[in-house]
Amino acid sequence: METRQSIEVCAPLTRCGEPPVPETGCDLVTVPTRQGLEAVDILRRGAGDAVGPVLHDDGGETLGFVVPPGTAAAWDVPGSTCTETDGRGLRLNPEPPVEGSDWLLPPGEADLATDPAVLRAALGEAARLIAAADNCR
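The sequence shown begins at 1 in my numbering and counts up one residue at a time.
Source of the hints: derived by calculation from the structure; they are not laboratory data. Quick reminder that beta carbons are idealized off the backbone N, C-alpha and C, glycines included. A portion of the hints provided could be inaccurate.
Across the chosen pairs, the derived CB separations fall in these ranges [claimed, not checked]:
{"id": "1", "residue 1": "G108", "residue 2": "D41", "range": "19 to 27 Å"}
{"id": "2", "residue 1": "A74", "residue 2": "R128", "range": "19 to 27 Å"}
{"id": "3", "residue 1": "G25", "residue 2": "A131", "range": "33 to 41 Å"}
{"id": "4", "residue 1": "C136", "residue 2": "P68", "range": "32 to 40 Å"}
{"id": "5", "residue 1": "P32", "residue 2": "P106", "range": "19 to 27 Å"}
{"id": "6", "residue 1": "N135", "residue 2": "G108", "range": "36 to 44 Å"}
{"id": "7", "residue 1": "L129", "residue 2": "E99", "range": "26 to 34 Å"}
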């Protein structure tokens, strides 16, 4: 089953009098909050492994990682989804793109996007840490 959703996360990057920048876009990987927060910690502790902007919903149920365009076509990590966005440009809006969301790591305080392979590894490690913690109870 394939689910596609359209979310505008990226915005055009132009300044007054400058020619338009070529469109690049981005995709969004959505995961449960607990796993996402663990993954953010793992990514931020990693040597040279940077994390891009991360959204959270106000309900506290999910986190969304901004990843490069085209990631959705090959994303297959259990417990997560990756959606293409309608975004364009090289800079993300500082305002949250979806009502009822906010930035955990806002654009400008993070890299442009999280590397999908690095995110995949961090999500796997996060899942193992959560499983180990839950089994200790």
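Note whether the CB distance of P32 and P106 lies within 19 to 27 Å or breaks it.
-> Hint holds: Cβ distance 21 Å, inside 19 to 27 Å.
Is the gap between the beta carbons of G25 and A131 within 33 to 41 Å?
-> holds, 34 Å
Is the distance from the Cβ of L129 to the Cβ of E99 consistent with 26 to 34 Å?
-> With Cβ atoms ~32 Å apart, the hint holds.
Taking 19 to 27 Å as the hint, is the beta-carbon distance of G108 and D41 inside that range?
-> Between G108 and D41, where Cβ atoms are some 21 Å apart, the hint holds.
Take a look at whether the Cβ-Cβ distance between C136 and P68 falls inside 32 to 40 Å.
-> Between C136 and P68, where Cβ atoms are some 36 Å apart, the hint holds.
Taking the beta carbons of N135 and G108, is their distance inside 36 to 44 Å?
-> Because 39 Å falls inside the window, the suggested range holds.
With respect to the beta-carbon atoms only, verify the hint that A74 and R128 lie 19 to 27 Å apart.
-> holds, 22 Å
In this structure, every one of the numbered hints holds.
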